[in-house]
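Enquirer: Given the sequences, and given the hints that come with them, work out the whole structure.
Take the sequence shown: its position 82, counted from the start at 1, is 82 in our numbering, and no numbers get skipped.
If you are wondering where the hints come from, they were derived from the structure by calculation, not from laboratory data.
Computed from a predicted structure; not experimentally measured.
Hints should not be assumed to be uniformly reliable.
Distance ranges between label pairs, derived from CB positions [stated by the list, open to error]: (1) 101 / 10: 18 to 24 Å; (2) 124 / 94: 49 to 55 Å; (3) 9 / 67: 23 to 29 Å; (4) 101 / 23: 15 to 21 Å; (5) 111 / 23: 30 to 36 Å; (6) 138 / 116: 17 to 23 Å; (7) 53 / 81: 18 to 24 Å; (8) 115 / 22: 53 to 59 Å; (9) 23 / 116: 52 to 58 Å; (10) 108 / 75: 27 to 33 Å; (11) 40 / 17: 52 to 58 Å; (12) 60 / 106: 15 to 21 Å; (13) 37 / 72: 38 to 44 Å; (14) 85 / 10: 15 to 21 Å.
Every residue, glycine too, gets a C-beta built ideally from N, C-alpha and C.
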Amino acid sequence: MSGPEDHVDAVRITSSLRIPLSELQFKFSPSGGPGGQHANKVNTRVELRFDVAGSPSLGPNQRARLIDRIGPEVRVVADDERSQGRNRQLAVDRFRQRMVDALRVEKPRRPTRPSRGAKERRLTAKRQLSERKRSRRPDFDD
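Expert: Next comes the structure, spelled out in structure tokens:
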């Protein structure tokens, strides 16, 4: 969802990246499925397209990451609602989320060693389990 600090003329992806609405191409068409006369005469289905490869808003690293993860073009379709305006907002929200997910940089995992306390707890648990099993064995002291 858009916050109050967002500009109306741009989609805020991250704190440093805004995509102007002029770079997004919207296409409207009738939504499929049942709905009677309303669905047949109103163009409520929204298709949003964004040219990743040709966007001047993206830096070279962002462009390379997006092309690698989602391709040279982002395409989002929304036809969930009966209103074109709500479907348009849904398409923009889905576009924003897809961009955020594709631009996320995963931190590399640094292997860590178990702490001394963790080692001691593990060994104590092993000894207790071993003792419990040993106590179940029959005595063969004859």
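Enquirer: Please go over all the hints and tell whether each is borne out by the structure.
Expert: Here's how the hints hold up against the structure:
Between residue 101 and residue 10 the CB atoms are about 19 Å apart, so this pair conforms to the stated range of 18 to 24 Å. With their beta carbons about 51 Å apart, residue 124 and residue 94 fall inside the hinted range of 49 to 55 Å. In this structure the hint that residue 9 and residue 67 lie 23 to 29 Å apart at CB holds, the actual value being about 25 Å. Range check, residue 101 to residue 23: Cβ separation about 19 Å, and the 15 to 21 Å hint holds.
Range check, residue 111 to residue 23: Cβ separation about 42 Å, and the 30 to 36 Å hint is violated. Between residue 138 and residue 116 the Cβ separation comes to about 38 Å, which falls outside the hinted range of 17 to 23 Å. A C-beta distance of roughly 31 Å is found between residue 53 and residue 81, which places it outside the suggested range of 18 to 24 Å. At about 55 Å, the CB distance of residue 115 to residue 22 agrees with the hint of 53 to 59 Å.
Evaluation of the 52 to 58 Å hint for residue 23 and residue 116 yields a pass: the beta carbon distance comes to about 55 Å. The hinted range of 27 to 33 Å is satisfied by residue 108 and residue 75, whose Cβ atoms lie roughly 31 Å apart. Roughly 39 Å separates the CB atoms of residue 40 and residue 17, a value that falls outside the hinted 52 to 58 Å. The given range of 15 to 21 Å is respected by residue 60 and residue 106, whose C-beta atoms sit roughly 20 Å from each other.
As the Cβ distance of residue 37 to residue 72 is approximately 39 Å, the hint placing it in 38 to 44 Å holds. A hinted range of 15 to 21 Å for the beta carbons of residue 85 and residue 10 is consistent with their spacing of about 18 Å.
Hint compliance for this structure: hints 5, 6, 7 and 11 are broken, all remaining hints hold.
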